[in-house]
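K.L.:
Per full-length UniProt numbering, residue 1 is the first one in the sequence shown, and the count goes up by one each step.
Hints were generated in silico from the structure; no laboratory data involved. Take the hints with a grain of salt, since some may be wrong.
Claimed, not checked - Result set (DSS-like, lysine-lysine): computed pairs, CA atoms no more than 25 Å apart in a straight line:
1. K72 x K82
2. K72 x K148
3. K33 x K72
4. K38 x K82
5. K82 x K127
6. K59 x K82
As the list claims (entries may be wrong) - FRET-style restraints, in silico, Cβ to Cβ:
7. E113 x L16: 18 to 24 Å
8. K38 x V105: 42 to 48 Å
9. V105 x V32: 25 to 31 Å
In this text the structure is predicted, and so the values were computed from the model without any measurement. For each residue, glycine too, the CB sits at the ideal point set by N, CA and C.
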Amino acid sequence: MKDNNAHEENQTENSLRHTPDAVVAQLEAAAVKLYGQKKLGRARGYLEQLVVMRPENAKYWALLGVIWRRQKQRGAALKCLKRAAELDPTDFNTLVNLGETLVEVGQVPAGVELLRAVFDEGFDPSKSPEEQDEMTIRSGAMLEFIQKSLRAYVDSEKDEAQA
Numbered sequence: 001m002k003d004n005n006a007h008e009e010n011q012t013e014n015s016l017r018h019t020p021d022a023v024v025a026q027l028e029a030a031a032v033k034l035y036g037q038k039k040l041g042r043a044r045g046y047l048e049q050l051v052v053m054r055p056e057n058a059k060y061w062a063l064l065g066v067i068w069r070r071q072k073q074r075g076a077a078l079k080c081l082k083r084a085a086e087l088d089p090t091d092f093n094t095l096v097n098l099g100e101t102l103v104e105v106g107q108v109p110a111g112v113e114l115l116r117a118v119f120d121e122g123f124d125p126s127k128s129p130e131e132q133d134e135m136t137i138r139s140g141a142m143l144e145f146i147q148k149s150l151r152a153y154v155d156s157e158k159d160e161a162q163a
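Could you build all of it, start to finish, from the sequences and the hints given here?
P.N.:
Structure (C-alpha cells):
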C-alpha cells in the first residue's frame, strides 16, 4: 500500500511538472496578487503547487519561504529559503530573508555570516548609509540589531555577576 501511494504521488508530481507555462503564469499571478492582499494561506496554496510544477524556480521557493516566515512557521520557511538560495545564490533578497530566518531559529553564527556577506557585497563606501541599496541597508540593520542585542545580554550578565 505504501509503495502504491508513493508511486501515485510520483505520477502526480510528474504530471504537474508538465503543466503548460500559460497555466503556471496564471497561478503565479494569482499567488502574487493574493500575497499582496495579505491572503497568505491562499497564496501559499498556489505556491506549494508552483514549486511542484517548477521545482527549479527560485522565485517560487523564495516567496513560499517568506509566506511561511510571515506565518511564524520558521522551519518550513528555512527549508524553502535554503532551496531558493541554492537555486539562485545571487538573489540578495532571498539571502537576507534566509539570514534573518537563521537568526530567528537560533542559528545566529550562520545567519550573521550570511547577512555580513550580503552587506559586504553590496556596500559602496562612496555612498552615504541612506544611499545604499535596500538589501545592504536591511542586512546592515539586522547586523546592528544583533550586535546591540548581544551587547545588552553581555552587560546584563556582567551586572548579574557583580550583584
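K.L.:
Evaluate each hint against the coordinates.
P.N.:
Hint by hint, here is what the structure shows:
no. : hint                   : in the structure
1   : K72 x K82              : holds, 16 Å
2   : K72 x K148             : holds, 24 Å
3   : K33 x K72              : holds, 21 Å
4   : K38 x K82              : holds, 23 Å
5   : K82 x K127             : violated, 31 Å
6   : K59 x K82              : holds, 12 Å
7   : E113 x L16: 18 to 24 Å : violated, 36 Å
8   : K38 x V105: 42 to 48 Å : violated, 24 Å
9   : V105 x V32: 25 to 31 Å : holds, 26 Å
Hints 5, 7, 8 from the list above are not met by this structure, while the remaining hints are.
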